[in-house]
Every structure is written in structure tokens, then in C-alpha cells.
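So you can see what is in the structure, the chains are spelled out below.
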Amino acid sequence: MRALAACAILAGLAGVFGLVVASHAEPAALRPLAAAYVRASVEELTTPNVITGILMAYRSFDTLGEVAVLYMVAASLGLLLQPIGDHGGGPTEPRLHPGEIVESGKQVLFPMILTFGAYVIANGHLSAGGGFQGGAILASGVMLLMIANPDAAINVAALGLLESAVGVLFVAIGILGMIHAGGFLDPRILPAGTLGDFVSAGAIPLTSALLGIKVGAELSVILQKFRS
Amino acid sequence: MMALLSGLFQPMGIFLFGIGGGFLIPILHRLGKPWLHGGFALFLLGLTLSSLVPLLVVLRDGVPLEILTAGATPPLAINLRFGLAEGAVAASVNVVACLLAMALWDRLRGNHVALLLFLILTMGINGMILTRDAFNLFVFLEIVSIGTYGLLGLGTSRAAVQAAMKYVMATVIASMVFLLGTGLIYQATGHLNIDLLLAGRDALGAPIAAVGVALMLGCLLLELKPFPANGWALDVYETAPPALAAFLSVCASAGMIFAFAKLLPLFPDYLGFITASAALTFLLSNLIGLRQDSPGRLLGYSSIGQMALLVLALAVLTGMGAEDALPFVVFGLFVNHLLSKAGLFVLAGALGPGGVGIARGLGRRPGLAVLLALFVIAICGLPPFPGFWAKWDLVMHLAMDGRTGLIAVVLAGSLLEAAYLFRWFLRALAPNDDHAFPPTPAHVMVPLVALAALLMISGLACAILTGTATPVTLAPLAVGAALATLGQVVRGRVLGAVTLATIAATGWWLPMPDGIPGLFAPLLLAGGLVIALSGLAQDAPGRLQYPMLAVLLLALQAVLRVETGLEFYLAWEFVALAAFFLITQRPQALNPALMFLMFSLVAAFLLLAGFAQLAALSGTQVLAGLDIAHPAALPGLVLMAAGLLVKGAALGPHVWLPEAHAEAPGEVSAQLSAVVTKGAMFGLLAGGYAVIRAGGVDVSHALAWIGMATTLGGALMALAQTDAKRLLAYSSMSQLGYIVLAIALMGHLGWVTALYVVANHMLVKGILFLAVAGVVLRTGTRRLDGWGGLAGAMPLTCATVTIALLAMAGLPPLMGFGGKWLLLSALVDKGWTGLAIAGAIATFLGLWYMLRLFAAMVMGPPDSSPARLGEAPALLLVPQLLLVIGIGVMTFLPKTLMGPVSAAIDPDFATTLVWEGRSLEAIYAAWWPMPTMLAALGASMVLAVLWLAVGLTGRTATGLRAVLVTARPLPAWAMPPLAMRGWAGMWRAAHDAADGARRVYSGDGQVYLMLVLGYILAVFAAGQIAPS
Amino acid sequence: MTVFPVSTVLMATGFGLILIGLAGVLLHRNVLRMIIGFGLMDSGVAIVLVATGYVTGGTAPIIDADLSAGDATARVVDPVPSALTVTAIVIGLAVTAVMLAYAIRLYRTHGTLDIRALRDSRG
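Protein chains in written order, with my numbering: chain D, 1 to 228; chain B, 1 to 1028; chain U, 1 to 123.
Looking at chain D on its own, in the form it has when it is part of the complex (with noise of 0.2 Å):
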């Protein structure tokens, strides 16, 4: 009865999905909002990443609520998993020794990880990359320390401050927006540089990096919280 119900109801979706797919046809060019991003991105942020141009900039009011989301989370985690009740608190079992291989390819890996995060959150106005994808690479070289070195201890305090006071940050320089230029998160605070230059684009590098600090330390609190 209960799957039946739910077939009909899967069956329901997939006609409305259906329609959708059947009526979609590809555009051939783009949009004129689109075109103006493209557009703007270029001339007025000196931002060659249109994507970046939109997150860090135009849409960087999104981009800081989605900074509050992820705050959000990784503060919750600290009341969601206060031991409650009386199940599943007995001794953890032992952690599986990761083993040499792993426990090498940190040593190699690790450092790079971290470089290559760096990297993607310092080029994200110019290439494929920002603060987001970067904080992901970084909390990703976290998590392998984790499995590979299951006792070690990871400062949850200090990231946690980290992360408040590159937030702070963050909203400081939006503030420094509304009065240097013409609003909110505007990233002409700083001198637009030179079209493809690594110091360019305003004030984007350094949200950017802050961006990426702040979430690779918000995932990175995420995976302890949940490993303790």
C-alpha cells in the first residue's frame, strides 16, 4: 500500500519532470541578463571568472547567507551531538590502524593538498576555482590527516575562532564597501588592476581567500565534530 502510494506519487514527478525535459529546448545563445554578467564581469570587476565575478560580487549577498548556512551548521553540530540518551554511548571500538600506505601518502599528499587549495582559492578570479571549491580541497587534506592519524587532535577551539574572526572580516570589508563604494560587498574598495593580473579584480582575491579559509575551517570543524 505505503510503496504503492509512493509509486503513484514517483510516477506523478516523473511526468512533471517529464514535461519539463520535453519542453526544453537548448538555447542557442545567451540571455541578455547572462550576456550583461559576462559583460560586467569583465569591464567594471576586472574579473576574467565570470562565476566568480557573480558569487564574489553581484551575488555576494547570497554568497555570505551561504556563508551563514555552512557557520550555521558547523556551530549546531556542537548542540546536535551533546550526548543525549542512553544508546550508543558505550566504549567506541578501537580505530582501525589506517595502515602504511595512507599513513605515507599524508606525508607526500597533505602538503599539496593544502598548496593546491591555496592555489584554487588565490586563482579563483582568474581560473576555474574560489573560495568554496578551495575551502573543499583544503577540509579534504584535513580529512585525510584524520583517517591517517586517527588520535590526532584537531583544535576545534582555535579553528573556531579562526573562522569568527575571518567571518568578521568578511563582513568588514562589505562594510567597507558600503562606504568606499557603492554598496554592501562591493569589491571596488580596492584598485581593479590590470584584466588577468593575479593581484586584480578589487577586493575579490582577498574575499576570496578569507572565503576559503573560513569555509575549509567551517568542513574541517564539521568532520571532527562528527569523528568525536
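Where hints are given, some of them may not hold.
[To be verified] Partial list, computed: chain U residues near chain B (C-beta under 8 Å):
(1) Leu49
(2) Ser82
(3) Ile104
(4) Leu106
(5) Arg122
[To be verified] Residues of chain B placed beyond 12 Å of chain D at every Cβ, according to the derived structure:
(6) Met123
(7) Ser145
(8) Gly190
(9) Pro439
(10) Trp508
(11) Gln585
(12) Leu970
(13) Arg981
(14) Ala1021
Quick caveat, the hints were computed from the structure, so don't treat them as lab data.
Even glycine gets a Cβ: it sits at the ideal position worked out from N, Cα and C.
Add chains B and U to chain D, keeping to what the hints say.
Quick look at chains B and U alone, frame taken from chain D:
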């Protein structure tokens, strides 16, 4: 100052304080608790001021504030708008959030995670309100959702964890649907800016856009918890800490409802579906509320109902193009729910654990009792709170649009909501010394009082906005409030004397109306005051007694003086509420009080529905506009008449009257029976007046039979009583039937009679109830067979009772005689012979039951200990004597009444001035219709003697008293409680229906998810079916 | 044989993933499996979003040596859905983390992960 403030607090500050403060909180947490708490308070206050100050700016300038982000213009960048609507909603949400943070302080304190979640969540709600970008709306929706998920972690019980899990899953599906919808709409239109979407909404018919729109709407509606896809929310309301449930139910929902309102123009094809879904949700959630025991879940159902009402109002008003009514109706309902539901949730916490059904002896905590009453009154849409005005306006608009079914749904749902909320209040009030209240700390009490104060202020604002804040309508509340305040210092007889003086002075000061109201006003004021005098006999009256008495009598005066339907309805509800609270003073009267209130509300809603029909027809809300000479006016008139008849205790809906009048405190019974019931009679008279002048439809014969049936039924039931107060209560019902009958004559003679009986009944029933109160005081019983031989012990009481009985029985030469004679003459004159015969029978029955009362008092040896017997207290006797004087005046100087009555009616009935070839003056002059009357009386006597003889011979001479008093004059089977059974059956049927409907809430999370998805499919289907 | 445009195929795939995820959510009673279903739905939504932004023959909207600023508007895919997708992925992650935390909470209080056993509140 303003410039400085508006420079400091801009709308963007909401986000800076919210998110910046949120980021800072862990750092402050490291610095220590004072920093953490101080910082949180600072951020939340800053956030609130960032909405309040700009709101003042917008109010001053009348121009919305446009906020750009990223230094670019929309649609490139996200923009926000802080207009009047946004500002008003955001500011009220933030103020309530501050109060709820305080109420939740025991959970938030020291918990930096909860603090930052609360802060960012509040910001997210503001973001949903302000943003003008569809995807940004999604982001804020997620902020609100994630913040909620985190805060739900504060609930640690098993049930709370379960509820949170279901809540998370359901809302995740909803937001995913919104994201998908947004993506598809972008695909179809090429932008995300809400203003552009609204401007280009005609292009949204293409399949992909249509799916996008349906998905978006589906999410918004789901977040507003429609039946049946709302089980996930109910569990959370039930299990979350009360102040948190309040925050979710009022503040978070506010963001959702605003987002819905903002995007509503995108959904023109769905208005029918939205309306139907909201109507179903409103009705069913309030129906199911009847069967709830957990306060949280009960309030949850109420919240869901209120949200549905908001959605319904939005959809209907938008659909009929009445956008200019939206702010008042929707914002009124919104603020009303925001403040009162927040208060109720917090109060539910303050009352301590236990279901809504347990007795708590709330009277021991008068502060909490007053607050609970206030919030319950407000949420039920009763005056003087904003919901009252908003609901009125909504119903008027529904009537204009011809949506009769929706009016019925709105009123039925409101009635059910009032039923379970007032039942909760009354149960809590029931005495129980064992119930221990948790201490109410200041951090809970302050928000409660603040919410109550805000409710009153916003209610007053509504009164001013609607132009109903006139001296006449404000006087009852102002005087009541002043007396309640005075009552903190002064008690007992001093306060009573002040009350009487104030009522008299205010009644004197208010402008005296002309015409029929001008007759009622002094009559009811004087009668009310004389009866109120008896209240001074009490040594320690309840705290409510005098303030509510003032509200009651002055509101009754207001009913007689108002000019518009809204003012009438307002004053009418004040009368009902004041009477309700006066009845609740006796613990034994709590159930009758609920029944009284329910029937009063039914009556009020019938009046409202009827008036709305007429106002829609005539295009005016002035009472003088009621005289519509058109058959289309019939339904409205019938509804109004039905309302007045319910309140006038016509046979059928009469069941509330004997209960309430018998169980209320003594002098309150007298007041209700003698004075307050006349309000409904005035309504019938005034309404009938308008109908006749308009020469409209003739329903008079039917009305006459209703009146006669009530008279006969009341008399028969009075005859069957062994309880003196119940006997008097049924007698009142019987007398009200006479008045209705007289009004139904729809002619000059009938109305003179009606007014005559009104005066007569007021005097007589005042005396009888007060006299019985005295006897009950002395004998300690209301049972007739517990009395006896009182003539010696209570001579004065027996004397007044004798006079009153004679006056009522219609024996010459006392005034009741005139009434009976006029009535019978008029009936014969009109050719309604059947009614005339029934009237004669009723006269006989009346004679019989009054004889019983008399016999019980005077005949036989005293059954009670003589030591306790003595004359009634002087303060009970004085009013009786005053009323006896009134009877004397009416008897010996009939023109004192007849003169003004004639003057009041004549100008409008010049044609009926002459009756049987004689002028009325001549008729009154020739006041001696002995033959007719004596014949009727003689017939009655013969019947009575026959009956007695049968009774006496049937028994072996146990004495006349035994036959008269002890024996039941009618066997039980002859008087089946049909009406009571009928209403109880309806009540049970409602409960059964509720049980049926709530079976959908099986607790199975997966079923809830299926319902969520099924609802989205239903939305989509509705869009496909709807004509484009 | 009809050749479907690549974005149509992508879109159908995304919707398919959503349906598979939903099927998991509706048919599995183990909360962890349901969470996996939610994860699949997240991915599906992301794919659908990306698919809606595809422009025939378009390339990534990043100006570099191969793509001059001048003819960029004619040669790139719509950048907006991509930007939205980044945001959506982050939110998906956040929601998954919260659900997992609740699953842990549920197990600690109940010793079970069966969604149908959670019926303390009803009616």
C-alpha cells in the same frame, strides 16, 4: 536626533548586526559570559533598531528605501526593499523576537551556539521579507531552515528528537522544490529579480515556467503548513520548548507569509486552489484542535489555522482586486496572531506541565489568568484586539465578492478555535489547590506583559483607523480599565459605590439617542444600576465583579447608541465578553459560561454574516442602511434575526440560558436576565423596524410562532424545575418569547406591547432573582422543596415576590395585565387565532409555575433551621423595593411609559396610529378591557383548579404544598431534553469528525513526506486545470 | 534516430537522480538510507541547474587566452546557473550534515534508525 538615528540604523544594519554579530559571538564566548550576553543583547537590539528606525523614516517620507548590494543595480546585483509593508512586518517580527529571546532566556543563557543561531535566524527572517531576488529568497529560506534545525536541538526529549527529524526531512524537500522551481523560472525567463518576474508574469505560461511557478508556490504553501501536509510541523510545535515553538510559529512563519505575499502576483491561476486549500486548512485544523490535550499541539493547530486564514485573506482579496484592503486585513490578522500566539505559547510554558484539560486553580495567579484571557480573546478575533477589526473587514469583503461559503468557513473555524481555547482557559481556571505552578520568573513575565500591552495598543490603533474609537465605544473599556486599576487599592463596597456612580455618570454623560433606542437606554441603565446596587451586599466581591459590571452596562448602552454595523458588533461583543467573565466568577458556572460564550459567538457570527450580506447589498455599513426593500435582502435579514434569536434564547438554541442564568452568581443572574437579554430584543425591534419601513419581505408570521414556541416551551420547562433559579431562568426564556411574539406583530400595537413587556420583565425578573438570591443565602439551597414557611422569617422578601409574581402573571390591576391584554388583542386583531389560543395556554402555564414558586416560599413549615433564617440583607432588599416602586409607577401611571413609547414609535407609524377607529390616546385612556381579560383569567383558573384537583385526588392528601412544590407537575418523559440532546449530538459529531480528520497524522514520517510531495503534485495539477 | 541535445540529456539525468533519491527517501525506512536519498536528490538538482544554463556549443565563462573578452558573450554558457549551483551544493552539504547529526541523536535516544518507529506524537 532622528537624523542621527537614521544615519546609525539603516536597513542594512539588520544584516550587519545579524551576521556580523553571529560571527562575533564565539569570540565573545571566549571572553566570558557577561561579554556573550551583553553582545547578544546589543546585536539583537541593534538588529531591531535597524528595522524600527528605517520604518519611522519610511512612515515620515512615504517612500520605500531601496537597498543595493555590491554597488550594482538590479537585475545584475541583489537588491532589497524596505517599504512600509516590509518595514512594518520586519519591525514587528524583530520586536517579538526580542521578547521571545527573553522568554527563552533560560535555554539561551550561556549557550553561545543557541544565541548565534537565534540571531542569524532572526536576520534570515528579515532577509526573506526584504529581498527582491528569488534565489536570494531561497538562501534566506535556508538560513531560516538551518537555524531552525539547530535550535530544535534544544529539545532533548525522545519526542522532540523524532519531531525534529521529521521536520528536517519535510522542509528539506520543500526547499529543494523551491530551488528547482527557481532554476526552472530562470531557465524560462532569464532573470531572478522578483520585480522583473512580476512585471513579466504573463510570459510564465510556457510549460517550463509553469512547472517552475508551481514548484515555487508548492514550497511556499508547504512552508505555511497546509492540511494534510503539515504533520511534521505539528510534532515540533508540540515538543519544542514553548518560547521556541512560539518563535517558529509566529516569527519564522512571518517570513514565509511575507514571501508568499510578495510572490502572489505570480500565481493568478492558482488563486482558487490556494483559497480552497487555505479554507480547508483553517476549518480542519481548528476542528482537530477540539481533540488536543497537549497545549503545544493545540496551539500548533491554532497557528496553522491562523496562517491559513492569512493565506486565504491574501488570495481572496488579491483575486477580487481589493489590494487596498490588504494592509489592514492581512497586517491586522498578522499582528494579532504574532502577538497573541507568542503570548499563548510562552504562557503555556509558564502554566507548567500538564494537558489543556487539567484544572489548575488559575484564579490563585490572577496575573497569569488575566494574560491568558487576554491572549485567548485576541486570538479568537474578539475585541478590542486587531484581529477583531481585521476579521470584520475580511468578512465584509468576502460578502462583497459573494463568497458566502468562505464566510461560513471563516466563522465556523473561528467558532471552533474559540471553543477549544476558551475551554482551555476555563479548565485552567477550575479550582485545584494541589496544582503547583512553576515560579514565573521576571524574564518570562516581562515579555508576556509587553506582548499584552502591544496587543492593546495595536487594538486601539485599529479602532482609531476604522473610526470606531468614539466616546460611546471606548467608554466601557476605559471605565472598566480605570475601575480595575482602582481595584488594586480600593476594595469592597467603596469600589462598588464608585462603580455605580461612574456608570451612572457615564451613562448620563453619553448622548441620549432618539426613538426606540432612547427608550431602552434610560430603562436599561436605571434597571442595571438598581440591580447592581444589590452587589454591594457582598462583603468580598471577586476582582472582576465591578470592572466587568461597568463594561457590561456601558457596553449595553453603547449597543443602543452606535451608528454603524461595526460599532454595533464591537459593543455587542463587549457585552458578551463582560457577561462571560461575570459568570465565570462562580467555579460551578465554568461549563455554563463556556456554553454561554459559544452561543453568544454563534449569535454574533450570525449577525456578522447577515450584516455583511446586507452591507454588500446596500453598499453602506451604517445601521440606517439596513432597510433594504429587496427580496435579495432576505438571507441577510434572516441570518441577523437568527443571531438575535439565539441570543434571545428562542426555543432550540435556548439551552445556554437556563445553565448560565442559573449558575451565575445571584446578582449577575438578575443582571443578565433582567437587563442584558433586552439587548437582543432591542436588536430584533430595531431590525424589524428597518424591515417594515422598507416594506420588504414578510417573515413575521414565522417569527411569531418562534416566539410563541419559546414562550410555551419555556413555561413548560419552568414548570418541570425543582431548582428556583432554573425555574426563573426558564421563565425568562418564556417571557422573551412573549417579546419576540409581540415584535413579530410588526405593528404599532405589537411594539407598544413589546416595550411594555420589556419593562415589565426587567422589573419583575430583577426582583425575583434578587429575592431568590436572598432566600438562597438564608436557606442555603436553591431547591424549592428545601424552602418553606418563609413568610414569617422573610416577610419583606415574600412581599416583593408576591408583587412581582402578580405583576408577571398578568393579573389586574398590575402592569403585566396590560401587557397580556395588549398582546392578545393584537393577535386577535391580526387574525392569528392559533397564536392567541396558544397565548392563553401559556398564560395558564405561567400562572402555574409562579404559583409553585410562591407556594414553596410561603406554605408549609420551615424545613431549615430557624436559627439561620432572617430577613435578606438590606442591600438586597433595597433594589427590590426600588423595582417594586417601578412596578407601581407603571401600574398607576401607565402613561409614564406609554407616552414616551408612543412618541418613539409614532413618527414612523403614522398610519397605524388609529386602531379600531380609535386613536391610541383614546385606547390608553379607556384602559379597562376587563371582560376579555377576566374571561381569559377565568379559563386559566378553571384549568388550574382542575389540575390541582386531579393532583390531590391522585395522592392521599399530602397537602397542597406537596402537590404544588414537591411533586413534578409534569412526568419526565413528557419533557425530553430534545434541544440539549441535539446540541450535544452536534458537539459529539464535531469531535468525531475531528477524530476522523486527524487520523492522517499517524506519526509516520514517511507518510508525511508522501503527503508533502502529493501536495506539490496537487498544486501542479491545479495549475494545469485552471483556466489561463 | 533523434539526437537529443546534450543539455536535454543532462537534464533528464538530473531529474532521474532526483527521482531515484526520492524513491530511496520514500521506500527505505532506515534514516541513513533516506539521507543518502537526499544526497542523490541534491546532486540531481545541481545537475538540472547546470543543464538549464547550457548554451549550444558554449564553453566555461572564464576569459583567458582561448576566449577573448570581445567574443565571450557569443561563446560561453550562462554563468548564473553555475553560480547558483555552487551555492546549492554548499546548502546540500549543510543539510546533509544536519541530517546526519540528527540521525546520531536519534540513535542515541532511541537505539534505532527506523523512521516508522518514531511515532510518539500523532493526531
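Right, here's what the structure says about each hint:
1. Because the beta carbon of U/Leu49 sits about 5 Å from the nearest beta carbon in chain B, less than 8 Å, this interface hint is met.
2. With a least beta-carbon distance of about 11 Å to chain B, the hint placing U/Ser82 at the interface is violated under the 8 Å criterion.
3. Checking U/Ile104 against chain B by beta carbon gives a least distance of about 10 Å; that is not within 8 Å, so the hint is violated.
4. Among the interface hints, the one on U/Leu106 holds; its C-beta lies about 6 Å from the nearest C-beta in chain B, closer than the 8 Å criterion.
5. Against a cut-off of 8 Å between C-beta atoms, the interface hint on U/Arg122 holds, since the closest Cβ of chain B lies about 4 Å away.
6. Its beta-carbon lying about 8 Å from the closest one in chain D, B/Met123 breaks the requirement of being farther than 12 Å from that chain.
7. Separation of B/Ser145 from chain D is inadequate, the least Cβ-Cβ distance of about 9 Å not exceeding the 12 Å criterion.
8. Non-interface status of B/Gly190 relative to chain D is broken: a Cβ of that chain comes within 12 Å, the nearest being about 3 Å off.
9. No beta-carbon of chain D comes within 12 Å of the beta-carbon of B/Pro439; the shortest separation is about 26 Å.
10. For B/Trp508, the non-interface assignment is confirmed: its Cβ lies about 63 Å from the closest Cβ of chain D, beyond the 12 Å cut-off.
11. Every Cβ of chain D is farther than 12 Å from the Cβ of B/Gln585; the closest lies at roughly 47 Å, confirming the non-interface assignment.
12. Against chain D, the non-interface label of B/Leu970 holds: every CB pair exceeds 12 Å, the least being about 57 Å.
13. Even its closest Cβ contact with chain D, about 40 Å, leaves B/Arg981 beyond 12 Å, as expected for a residue assigned away from the interface.
14. At roughly 8 Å, the least C-beta separation between B/Ala1021 and chain D is not larger than 12 Å, which violates its mark as non-interface.
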